[in-house]
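**Student:** Residues per chain are reported as follows:
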Amino acid sequence: MLDVLTGFVQELRRAGLPVSVTEAADAAEAIRHLPLEDRQAIKYALGATLVKSSSHWRAFDTAFEVYFSMRGPQYDMEGEPSQEGDEESARGSGRGAGRGEGEAGAGGGELVTPEEIAAMLYKALRDGDQAVLSAVARLAVGRYAGMEPGRPVGGTYYLYRTLRNLDLDGVLARLTAEAAAGMLASGGETGVETPAGPVLRGRPAGQLTALEQRLLEDEYKARIDQLRREIEAEIRRRLVADRGVEALARSLRKPLPEDVDFMHASREELVQIRKAIAPLARKLQARLARKRRHLRRGALDFRATIRHSLSYGGVPAEPRFRHPKPTKPEIFVIADISGSVAAFARFTLHLVHAIAAQFSQVRSFVFIDGIDEVTSIFERSETVGEAIHRVNQEADVVWVDGHSDYGHALNVFWQRWGQEVGPKTSIILLGDARSNYHAPEAWVVKELRHRARHVYWLNPEPRSYWGSGDSIVEQYAQFCDGVYECRNLRQLEGFVEHLV
Amino acid sequence: MTAGTAADTTDARDEAARATEAAPIPPWSDGLPTGAPRFESIGELREALATVAYLADDGLAGVVYLADRLAKPVLVEGPAGTGKTELAKSVARVLGARLIRLQCYEGLDESKALYEWNYKKQLLRIQVENAAEPGERRAGWQEIEDDIFTEEFLLTRPLLEAIRATEPVVLLVDEVDRLEIETEALLLEILSDYQVSIPELGTVKATQIPLVFLTSNNTRELSEALKRRCLFLHLDYPSVERERQIVLTKVPGISTELADQVARIVRSLRSLDLKKHPSISETLDWARTLVLLGIESVDEKTATDTLHLLLKYRSDIDAAAKELNATKPGS
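For the record, the sequence lines run as chains A and B.
With the numbering used here as the guide, the letters of the first sequence map in order to residues 1 to 500.
With the numbering used here as the guide, the letters of the second sequence map in order to residues 1001 to 1331.
Pulled out of the complex, with its shape left as it was, chain B reads as follows (with noise of 0.2 Å):
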């Protein structure tokens, strides 16, 4: 560090140490039911998710070890089909705890992501109240409210299910991006203290935390509120060797040359100007194919000829041809 700079960069990480002591206490650390570890360390979470067929990078198994150390949401995002969703499942198959999945879209509302109140069968039990014979006793009001604001008429929705769920769950909100921005309030609550206010009832809590993912295809920036809670995790495109190892454990039945050649062309694809670029399930679907083809290996005609299954625009799959088939001058 040179002398000049020594007194206004001392000044703010002055300011940063304190700026950080004075930070709240953080949720997790006192109030919630803290349960053991689930997983010793990333690299036997890695391990795990391998037996169940998902080939976790590093970056990857590190944020899911620390969501689970510190108790915090992740937030998955990334082009479709990088396998969002499929972790969330296989983190679940892995733990053998049930998956809770809460699908977003657009006019979704607390009845259909919290609790419902069952008010047909409300209305039954104040209408057998109200049949009741001349003779016999007759609830009051008030009990009458007692008893229809209890847990037997209320529907729990899935936010409200994994929250209540004495085994363990994994809950995956799957394309919180489509939620409309007001909407996304309805999951701060449950993200940062893992519990749920019905008016009626009181505070639910969380008598276990469950593991959260939530995914996002990036179509809208979402809100500062809900990203603060959780923890990012950005999947990409895997690189050659990850892609190989994927369709080779994903597909049945593939040579080791198949699978190298298919994750060359796909990355060779991936570098060109598309519109939409070939995602990792695509990649899957081709080598599938190719494999049932009895294709031992690609060469132009083949790789032209179903180019339709890595690529969804007529555009893209002519500019793709084109490029796959064009000889190098000099060569």
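The following block holds chain A by itself, in its conformation from the complex (with noise of 0.2 Å):
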């Protein structure tokens, strides 16, 4: 057990989650009070010990899996089940779909029709049974993923492949069609059980009303996830018996959220880098807020030191001084939203919106080849996920070929806007400064470097790559206060902390 424990916590640590020497040995510890076939409660206390960050726990959920997995002869990769793993998948399935499919079941992947399982994914979901997901995930992987021993993948082609063959869509939509059709029709006695059941039965027959339908389609929706979940743990758990676990960890191994590359995030890192954001700017927020506060003190307040002096007989025993009023930044961001750095563009624009408490204004622009500003689009939307929306629907930002120009929109940059740039002002400029070989204007940026208080660079791009092929920036870098790296959330958040 110490041998799986201390591979496990290796693992962790190679995912990037910080766990301690003494945070381990907790975890040891933990489990030597629990009994060892209580799987979730090990899970829980392994949690507990290792992990104190919420954001960290799907990284670690990922790696538990792996190498605590269920293993047992019925899980063998040859789709072949021996004898008990037969039994169980036929008590299984037994229970809720009826003798015939249950046989079936038993016979392992190859026996199943498609009209099968396509049955009993139906009949699971309708009626919500747990056992019958389980056995119906275990079929579809076995008849559907095409597995090949040996193979070093993490196992989202299968999960795609199986999830297409299911058609959940289809079902979905026949499940909830069903359902109003079957409200109507039966009138809530007998007939088709719906599985909102609580919810409709005993009601008059008639149309569902919206709310009705929204709830049912949820809980459908919420019973489909569950599936989706039990087939990705049935291809894991096959991937861990063909290929062991510390290979198939590494495959499944992915940044945490905080610290995936915006040029190279799948459309799935995308969504989590969002909900990463949120509590990221909640956070900076109260962070520079308190730390405003606690600033040093400002100048001596004469009347507050004589009024407090009277209760120490007039002597001046206690100075008081005025709380300091630090002058918050004007900001202007100036965004390249083209194609290869738009997510990077986005999270920037998010995050420095999200803080605007922060600062006296915030006014952004944006940037292909033509450039535009979108203060407004944010003021008059109510979240900055509708506003950065609009922004790449409304804004006029292409000039020629939309392919991005730096140069011209500098150029124009400082022909509109550029006499509104004062000694209170932090430019920010983001993008990856690829100009297609288009002149780069960098006077512009000297310029502005003049009139403003600060001029920032962010680049999405990693370090090395810059200055080669079309990129410029290092042309603009002699003009700015600071270039920065910024490829990830952790990076992102070191430079807007800085910027206050």
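To be clear, the hints were calculated from the coordinates, so they are not data collected in a lab.
A couple of the hints might just be wrong.
Short, incomplete list of chain B residues facing chain A, as computed with Cβ under 8 Å [claimed, not checked]:
{"id": "1", "residue": "I1042"}
{"id": "2", "residue": "D1058"}
{"id": "3", "residue": "G1059"}
{"id": "4", "residue": "E1116"}
{"id": "5", "residue": "N1218"}
{"id": "6", "residue": "T1219"}
{"id": "7", "residue": "L1231"}
{"id": "8", "residue": "F1232"}
{"id": "9", "residue": "L1233"}
{"id": "10", "residue": "R1267"}
{"id": "11", "residue": "S1268"}
{"id": "12", "residue": "E1300"}
{"id": "13", "residue": "A1303"}
{"id": "14", "residue": "T1306"}
{"id": "15", "residue": "K1322"}
{"id": "16", "residue": "L1324"}
Every beta carbon over 12 Å from chain A, so not counted as near; a handful from chain B, in silico [unchecked claim]:
{"id": "17", "residue": "D1146"}
{"id": "18", "residue": "R1178"}
{"id": "19", "residue": "K1312"}
When the alpha-carbon atoms are kept at most 35 Å apart in a straight line, the in silico DSBU-like pairs for lysine-lysine are as follows [to be verified]:
{"id": "20", "chain 1": "A", "residue 1": "K283", "chain 2": "B", "residue 2": "K1312"}
{"id": "21", "chain 1": "A", "residue 1": "K123", "chain 2": "B", "residue 2": "K1312"}
{"id": "22", "chain 1": "B", "residue 1": "K1250", "chain 2": "B", "residue 2": "K1276"}
{"id": "23", "chain 1": "B", "residue 1": "K1120", "chain 2": "B", "residue 2": "K1250"}
{"id": "24", "chain 1": "B", "residue 1": "K1112", "chain 2": "A", "residue 2": "K283"}
{"id": "25", "chain 1": "A", "residue 1": "K221", "chain 2": "B", "residue 2": "K1275"}
All C-beta atoms in this analysis are idealised placements derived from N, C-alpha and C, irrespective of residue type, glycine included.
Once you've looked at the hints, go ahead and assemble the two chains, each given alone in its own frame, into the complex.
**Tutor:** Printed below as a string of structure tokens:
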């Protein structure tokens, strides 16, 4: 057990979780107090001792499922389960889905026809039966995933194949339609037992209201999500059996949300970053406000000192100071939103606007080869997310061909808004400075530097790429107060804190 | 395991094994009074919590159980209104223990959290000595000094009180994330060794180890030192089934159907993109209101009219009302 545990701790560290030696020792101590056969209890015990941040839970979860996966003959890769496996799956599926399908399930993946699986799936989702759901997951993986032993993959492909064959959207549509129709026909007497049972039972016949419809759909979606998780777990189990724990852990390892590279994030990772950005902004906001309040004392407040001295008989024993009013910077964000760096610009705009209270004014400009001011879009929108969506649609940023032209964009900026840049303004330029070999017009940055308080450049590319190919960041860099590599949330957070 | 990776993984394992062996002797292994365990098993704990109307899931009960066995504090984190403070209160109720609560805020210091010398009383003591009749013997400087730094002149604050208590206590340090990072250090000695050092008196050690809960709303990252000493528990919004159970237990006179509907609607609302999602306490408020209004089944109109109990932002209420009333195309 200790061996498995140390391996597990190593894996967590490799995935980027900070696990200290004491914490590992705590974990070892913790599992001594628990029955080893209780997998859930062990999981929570390890989680409580090793993971100290909720955003790391996902990484922990994946690693745990791999290292402490269910192992046994019934999860063999070959798809021919042994006798015990047979009985178990037969019992599991037999309970809810009827004897016939149960038997078919017992034969392992090969003997079940797609129609039978589809029927079982439909029933499982309709009745929300746990046991049948996992049986379906097992069968579907056996039937559709087409897993080949020894292939070094993480299982995403298998998951995709299984899900595509199950046609979950179709099932969802059918379920919703039938539930509505069933209500109409049976009027809550007998007939189809709808999954929304307690909600709808006993209601007179009639069209489902929008609210009921919605609740029903959410219920089905929750069940489908659960099925998806079951399938993922099943695939993982088989992969572990095939390739061993550590090899699989390596291919499943994903960077933590704050370490994901903006430029190469997958769609799923982008969603995660978006989720992580709201609490990050809140934290940053609280931290910055606190910092401002605790900044050093201001000038001597003569009146308050004299008044306070009265309690010491007129001796000014305790001098009083004014509260300092540190000036809030004014921020101009000028962002390249062309395809290659769009995600980066989006997150930075999001973060800067989320903490807008820390600045006296935030103005945003976006460009590709033309440039447009989008401040008003942010002001008019309810949420930052909505604003960013509208920026993409409404901003007028294409001048000629829609390929980045930093020179022209900066030139236009200088002509139209250059006069508004003052000594309180900090300018943040976002982009990779890949200008498709157009003229850089670096003099604009130089002029801006003269007028503004600070000019910063954030580049989402790794530092080693700067200056290669059509990247002209070096030409601008000489006029900036600082050029920062900003590839993930962690670096972005660091910069924003530095800014205030 | 494939042949190619065997070498480096065994290396890594050895390293980890060495690291574990070299770990310092954990503080709970000796020197501390180890009382009898408070709970027999996780299941028992969960049932006990259920009797005081706190529904724990497996993870939660498991962590509290471990906190008792390992004599470690629990750091509870999660969105507002998911029952973090309630957990500590319920555990105290189950154990029949006194709950000592330290509410944290910016500017909290030693004298409010740990102890303070009652200097007025000390002053009085000195003046009494000075006012003695000429014929009487006067105490020397040393004697007075020894005398005024005794327990008689010590004002205990929550943390010290929890340590010195002889009866069973549960210590709740609420909203620990509001402390400044420097003040956090105040807690460290207590959390790891269950003792308080007072320069004039020496070290006060706990006679019995209190169960300690710290809660955090995660407005800032807590220091590594603090996190390392605690078991971490993340409380999130509950599943539909658990929320329904909670509503049924906490709201008297509610029907199963209504509770079920409430739980489902709240789940739908939580899946929306809102500024602030409804918490458990807001769900309960809503359910109570529905019962008071004598509503048996929620339809769009009642839902929309009472949304302000669940959501606290104008824009959220508008968005949710729009969403709940939207008729799906094709239905």
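**Student:** Are any of the numbered hints broken by this structure? If so, which, sorted upward?
**Tutor:** 4, 14, 15, 18, 21, 23
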